[in-house]
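Kindly generate the complete structure, drawing on both the sequences and the hints.
As given, the protein sequences belong to chains D and B, one line each in that order. Per the numbering used here, the first sequence starts with residue 7, numbered consecutively. Per the numbering used here, the second sequence starts with residue 360, numbered consecutively.
Everything hinted at is true.
List time: in silico DMTMM-like cross-link candidates among lysine to aspartate or glutamate, alpha-carbon distance up to 25 Å:
id, chain 1, residue 1, chain 2, residue 2
1, B, 400, B, 443
2, B, 400, D, 121
3, B, 465, D, 98
4, B, 465, D, 121
5, B, 415, D, 33
6, B, 431, B, 366
7, B, 415, B, 446
8, B, 400, B, 444
9, B, 431, D, 54
Worth flagging that the hints you see were computed from the coordinates, not collected in a lab. Predicted model only: the values in this text are computed from it and were never measured.
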Amino acid sequence: QVQLQQSGPGLVKPAQTLSLTCAISGDSVSSNSATWNWIRQSPSRGLEWLGRTYYRSKWYNDYAVFVKSRIRINPDTSTNQLSLQLSSVTPEDTAVYYCARDFRGSGGSGPPNFDSWGQGTLVTVSS
Amino acid sequence: QTVVTQEPSLTVSPGGTVTLTCASSTGAVTSGYYPNWFQQKPGQAPRALIYSTSTKHSWTPARFSGSLLGGKAALTLSGVQPEDEAEYYCLLGYSSAQWVFGGGTKLTVL
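See the structure below:
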């Protein structure tokens, strides 16, 4: 059973960098059968997919167009975690942030399936 | 900018049937968008219900089903229970490796 445990500060100042970590248990960040995603939710913008990282013989990243210039998602194989960094934040980035697994089946070729989610972290951008 | 549209709110009586839909601003939703459906209750993370249009998770109650209907993805609840009152979200995948959520449907069981 996969569990995703998020951690990170709940308050970030404007123009600074938001940093969150997602610790994975029950699966590997290097799995060929999953992608690892960050998603956020706010009352004004709803649920938004931010981006993902995944390993298929090498590491890949995809980012949502609207944050592409400010976002980095990195895997840490030594600790089996993934991280999110969002730079130059504004109050519009205030949201609950989730990490989530997209599982592609044991063979890695199944359909996208966002089956496991972290508990969510409320991040407020304010001075 | 791609927009995914859901009904903002629906009301259903206990034991009744209701269908929620998910439309894409780019045109008809097909199986190639790999629709996912989620249920979210207040204060909780979204919980996966359906993936790849109609495939249920092991924990998904049998009364939930997914389909394509009139160019949209659809989630049907048959024999609605009071505990089904929640917000429901669809998620569509686009070929540019972008995922877009719908705005959500608030389902009231009354």
